[in-house]
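Chemist: Chain order of the listed sequences is D and X.
Okay, so the first sequence: first residue is 1 according to the numbering used here, each after it adds one.
Okay, so the second sequence: first residue is 1001 according to the numbering used here, each after it adds one.
Don't read these hints as lab results, they were simulated from the structure.
Some clues are possibly wrong.
Covered, in the sense of this in silico footprint (three residues per stretch, anywhere, with C-beta under 8 angstroms from a C-beta of chain X), are these stretches of chain D [said to hold, decoys possible]:
1. 78-88
2. 172-181
3. 192-204
4. 297-311
Calculated Cβ distances over 10 angstroms to all of chain D for the following chain X residues [as the list claims (entries may be wrong)]:
5. Ala-1043
6. Phe-1098
7. Leu-1200
8. Leu-1246
Idealized CB from N, CA, C, for every residue including glycine.
Listed below, chain by chain, are the residues.
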Amino acid sequence: MLRRLAATLVVLLGVSVVTFVITQLVPSDTARLVAGDLASEARVAEIRQELGLDRPLPVQYATYMQRLARGDLGVSIRSGRPVAEELAEALPATVELALLAFVIILINGLLLGSLAALAAGRWPDHLIRLLSTMMISAPTFWIGLVLIALCFGQLDLLPAGGRLSPELVPPVAITGLYGLDAMLAGQWRLAGDVVTHLLMPALTLALAASGSAARLVRASLLEVLQEDHVRRARVAGLSEWVVLTRYALPNALVPFITTAAILLADLLGGAVVTEAIFSWPGLGSYTLEAVAGLDFPAIMGFTLLAALFYAAANLVVDVLYGVVDPRLGPA
Amino acid sequence: MSALRLAMRRDPAGSLGALLVLLLLGFAMLGPLVAQHPPDAIALARRLQPPSALNWLGTDELGRDVFARLAHGAWPSLMAALLVVGTTVTLGTLLGAFSALLGGLADAVAMRIIDVLLAVPALVLAMALAAALGPSLVNALIALVVVRLPVFVRLARAQALVLRSRPFAEFARLAGAGRWHVLRHHLLPNLAGIMVVQGLMDVAAVILGAAALGFIGLGAQPPSPEWGGLVASGRHFMADAWWLSLFPGLALMLAALGFNLLGDLVRDVLDPRQEPAP
């Protein structure tokens, strides 16, 4: 376990080098951006010195790392506020969205994957395969637009964007997840409003990963269904349902766990596009605005955060593996 | 060929994929010839017209014909993806094989770099890179190559390590062949097949990645009729002019679907031992 932790730290250190190098690639002059177009050359030089941009690169990297170690991701060029603070404010909205999307992915994956595996080679299998491949093939941003046009524009069922209807006040922040906070406070009408706002973006975000999940579950379930203990259970006369849920699925889920964690971390990438379409005030929208404003401290802050999530997801998988399948031993 | 026919009968979805890819190629080549209007002819009097006999897929906010723009955007969108995949396959094969052959420190360093590149979600890294390089189609493609490359390097390295210890390669080495001879005559030819198949499986992901970068504004710049950009520029008119974003998005999905299904089919044909694609 310690070795895994050390390896993770090395990778994260590598990512910090990558983000540092990327900021060095930027053709635009950071000092000039901070100073604004009207500032004099002398003022730009002053700012350059203040930000340490006139010092040699290794020194700049060392200072960058010192700051990172303290959780300081630098200051946003657009707002002048600490990036870490702004990311922390945007985080709960994205977590809420990603969690619901993850639940949708699991349900879709298990349902479609099991159905396909049980009907392997027959028409439901072919149909589900086509469906799940279509889910993977549909551009996330386009699905979002189509859903809005359909559910908001044509049917007027669901709101088109934001976390809450404008006339409502957000619940008292406990977790930062509006839905959970509203329920904890017993404000059910508010919670309902939150859910209607969550549904479309969560579906959009979940779609591609749902397809992958269904394919994965089908593949690993097919393998397990051939195993002796499952055949024995069948021969013993247990119902298909019991065979599936008690004997086959638990074993089929072991390889699925790794990928599920990666899928969850990957949602951060999809969140950029999805949040932009649904004006969802989370990390994705924040990053997209940062991209538009060439705000590199903010972009790199998000990149580092994403890498951190990825690393954390992988560590969790290693631990879960040991729990689910004791034969594998401690990681 | 009979293996292919058998696979098609066993795998109707794969045949659909092959058909979609053929249709896509046909559309890219013939579409611009069939289109009734040039792709950039502005006609403000006929702006935001719904699909009709005069404009098969309607017109955009400047009165440009959506079908013509879609048709002229097919080739660039497709070529961009194929260019990225071609580059990643070639570079990935070479880097992976070199790394396996050299071993030692160079190999270890290369693999750690790969670990780092794989530690960030692909779209996030591509976005950061493309933003740093500056918004343009070429830079978006470079970013996509960097993001997709690690998987190919790893695969090529693993395969090269296996091949290197196979009798024919061992024998060549014992017979006095140098490293480069083994690489050129024994490793690369045997790697080519599997790498190309892996590349084919990646085309759809690259099409979607390029479109996503284009949608964010980091890919091809307007007025280029690249499909991701077409969806993006149509999004603000979605409420009353649904045809602007619907058709390019649909085209993207069918293209990605075709390549995904075709990739599965080819993999099954070439490697029947593997579980057939779900």
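Chemist: All the hints need checking, so say for each whether the structure fits it.
Modeler: Status of each hint after checking the structure:
1. 78-88: Answer violated; 0 residues pass the 8 angstroms Cβ test.
2. 172-181: violated (count 0)
3. 192-204: Violated - the segment 192-204 of chain D has 0 residues with a Cβ nearer than 8 angstroms to chain X, which falls short of three.
4. 297-311: holds (count 8)
5. Ala-1043: holds, 25 angstroms
6. Phe-1098: Correct as stated: the minimum Cβ-Cβ distance to chain D is 20 angstroms, above 10 angstroms.
7. Leu-1200: Non-interface label stands for Leu-1200 (chain X): nearest chain D Cβ at 14 angstroms, farther than 10 angstroms.
8. Leu-1246: violated, 7 angstroms
Hints 1, 2, 3 and 8, counting from the list given before, are not met by this structure.
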